[in-house]
Amino acid sequence: MKILVPVKRVVDYNVKVRVKSDGTGVDIANVKMSMNPFDEIAVEEAVRLKEKGVATEVIAVSCGITACQETLRTAMAIGADRAILVEVDASVELQPLAVAKLLAALVAKEQPGLVILGKQAIDDDANQTGQMLAALTGRPQATFASKVEVADGRARVTREVDGGLETLSIALPAIVTTDLRLNEPRYVTLPNIMKAKKKTLETVKPADLGVDPAPRLKTLKVQEPASRKAGIKVPDVAALVDKLKNEAKVI
Amino acid sequence: MAALVIAEHDNHAIRGGTLNAVTAALKCGGDVTVLVAGSGCADAGKAAAAIAGVAKVLVADAPHLAEQLAEAVAEQVIAVAAGYTHVLAPATAFGKNVLPRVAARLDVAQVSDITSVESPDTFQRPIYAGNAIATVQSTDAVKVLTVRTTAFDPAAASGGSAAIESVAAAADPGTASFVGREVAKSERPELAGAKIVVSGGRGMGSAENFKLLEPLADKLGAAMGASRAAVDAGYAPNDWQVGQTGKIVAPQLYVAIGISGAIQHLAGMKDSKVIVAINKDAEAPIFGVADYGLVGDLFQAVPELAGKL
Chain A
265 MKILVPVKRV VDYNVKVRVK SDGTGVDIAN VKMSMNPFDE IAVEEAVRLK
315 EKGVATEVIA VSCGITACQE TLRTAMAIGA DRAILVEVDA SVELQPLAVA
365 KLLAALVAKE QPGLVILGKQ AIDDDANQTG QMLAALTGRP QATFASKVEV
415 ADGRARVTRE VDGGLETLSI ALPAIVTTDL RLNEPRYVTL PNIMKAKKKT
465 LETVKPADLG VDPAPRLKTL KVQEPASRKA GIKVPDVAAL VDKLKNEAKV
515 I
Chain B
281 MAALVIAEHD NHAIRGGTLN AVTAALKCGG DVTVLVAGSG CADAGKAAAA
331 IAGVAKVLVA DAPHLAEQLA EAVAEQVIAV AAGYTHVLAP ATAFGKNVLP
381 RVAARLDVAQ VSDITSVESP DTFQRPIYAG NAIATVQSTD AVKVLTVRTT
431 AFDPAAASGG SAAIESVAAA ADPGTASFVG REVAKSERPE LAGAKIVVSG
481 GRGMGSAENF KLLEPLADKL GAAMGASRAA VDAGYAPNDW QVGQTGKIVA
531 PQLYVAIGIS GAIQHLAGMK DSKVIVAINK DAEAPIFGVA DYGLVGDLFQ
581 AVPELAGKL
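Protein sequences appear in the order of chains A and B.
Per this note's numbering, residue 265 is the first one in the first sequence, and the count goes up by one each step.
Per this note's numbering, residue 281 is the first one in the second sequence, and the count goes up by one each step.
These are computed hints drawn from the structure, not numbers from a lab.
Each statement offered as a hint is correct.
Cross-link-like lysine-lysine pairs, in silico, BS3-like; alpha carbons within 25 Å at most:
| # | chain 1 | residue 1 | chain 2 | residue 2 |
| --- | --- | --- | --- | --- |
| 1 | A | Lys509 | B | Lys475 |
| 2 | A | Lys497 | B | Lys475 |
| 3 | B | Lys499 | B | Lys553 |
| 4 | B | Lys553 | A | Lys513 |
| 5 | B | Lys588 | A | Lys513 |
| 6 | A | Lys461 | A | Lys266 |
| 7 | B | Lys560 | B | Lys499 |
| 8 | B | Lys499 | A | Lys513 |
| 9 | B | Lys560 | A | Lys509 |
| 10 | B | Lys588 | A | Lys509 |
| 11 | B | Lys553 | A | Lys493 |
| 12 | B | Lys588 | B | Lys553 |
| 13 | A | Lys513 | B | Lys475 |
| 14 | A | Lys493 | A | Lys284 |
| 15 | B | Lys588 | A | Lys507 |
What the simulated footprint calls covered on chain A by chain B, stretch by stretch (three residues with Cβ under 8 Å from a Cβ of chain B suffice, anywhere in the stretch; the number is not a length):
| # | region |
| --- | --- |
| 16 | 277–287 |
| 17 | 351–362 |
| 18 | 382–389 |
| 19 | 413–425 |
| 20 | 431–437 |
| 21 | 474–488 |
| 22 | 503–513 |
Positions of the beta carbon are idealized from the N, C-alpha and C atoms, including for glycine.
Using the sequences and the hints given, assemble the complete structure.
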């Protein structure tokens, strides 16, 4: 069974982004870029399934500019066997529906038994691509996974839902999206980084896949969120109780 | 203009987030219809019909809809979606799971986690963990929206008298089956909708010490929450996590104890009405958003606070 793992290049999670003064977006020039953390968990899970003998091949995919090759090399350093870059011009703002269509075309070509994606990207916070891919390919989905077991042509997936956990059994081929608790991705080692450089990285264009990646949503402006002012410091618990009762009137 | 709200329910009662989604739907203009897809869900249908502002309720009742799996609910939404300009659901685990499937089937974009309806086609939503707010316009014929529940007041759960209409259940896709559910049992209010939340961070020091917060939460009738650091350290269960990757809360009162205030945590609670922080480090970022800060030893301050309430 092949596993396809889409990975996204995003602003590193430790970077505090700044909104551009002209309101057109956030400033990502000269900012550290990394693999979306949820996608790293997805790659790790796929590689573990291969190590367990469940999967035979792990294919990493990224949609975006040429620099996404770095993200794919990282995925291969974790253990993906080969990679596909769907190269999209920087002038095209890729949105989840377009990415899901590009991935659906690759799914048709590669026929993976599982596609494992991060539940959301930490830049646009959309949380859509996996579910959209599942709909477009007519496959079942298990989102927000904290545990994945594959046996007898099905995946048994524990999902993080509001107020607890839910377990589903889905028929393969299927789509799974990862939550934080699924695993802790390994550190990539230098020898594995060197090995990753020798692995195959194929580049295709959206037109090769018959997909128009044009965006459907127009971003009119991007602003700083309303800031919250710091209040006061109280000297002791008695003063705190007094403020909450008589000033804020919340207790 | 006509909006369809996908109800989140347990076949008997409507879950809270649905009420906030109805408010957002009303702001889009036009009549609001609520779809209740479930099994033995007549009570949930009646509850939906009582929501103020709802014009019509569609009830699809079939055994395969009992657990409201994404595949089955999405098919049901597609079956009734013709004629609606807006399809909405709360941005909860339920709505996030189902709605992108609907959007993809309709070949339209989804706008996730909207915090404001600027006009019928223009919405605001947070990006980068709430560090920026984007205003986006949808060019699609149908707007598919998930609604950040804390950004919209809930519609009144009673006072409405919408017509209830049964609709044929869509075919069961049959590719996914429900195995089980582990619901965390608690006497306390649900975190996402609680009026008061008491949260602990890494400063609690241990799972044992975390219990120190219980008497305070009991006194306040509060839900309990935790920072990601506290959850990762094993002090508190995962579903208590408040923050960008956990629950987004906006209670009347948020009490942050031993929480430094990482960006990811602030993203989950900074819309609370009143924030109280207790931390021994006077420089902790949490004091930058707190209305009332108390610099001191939480192990003394928390029992004293519980005692004085």
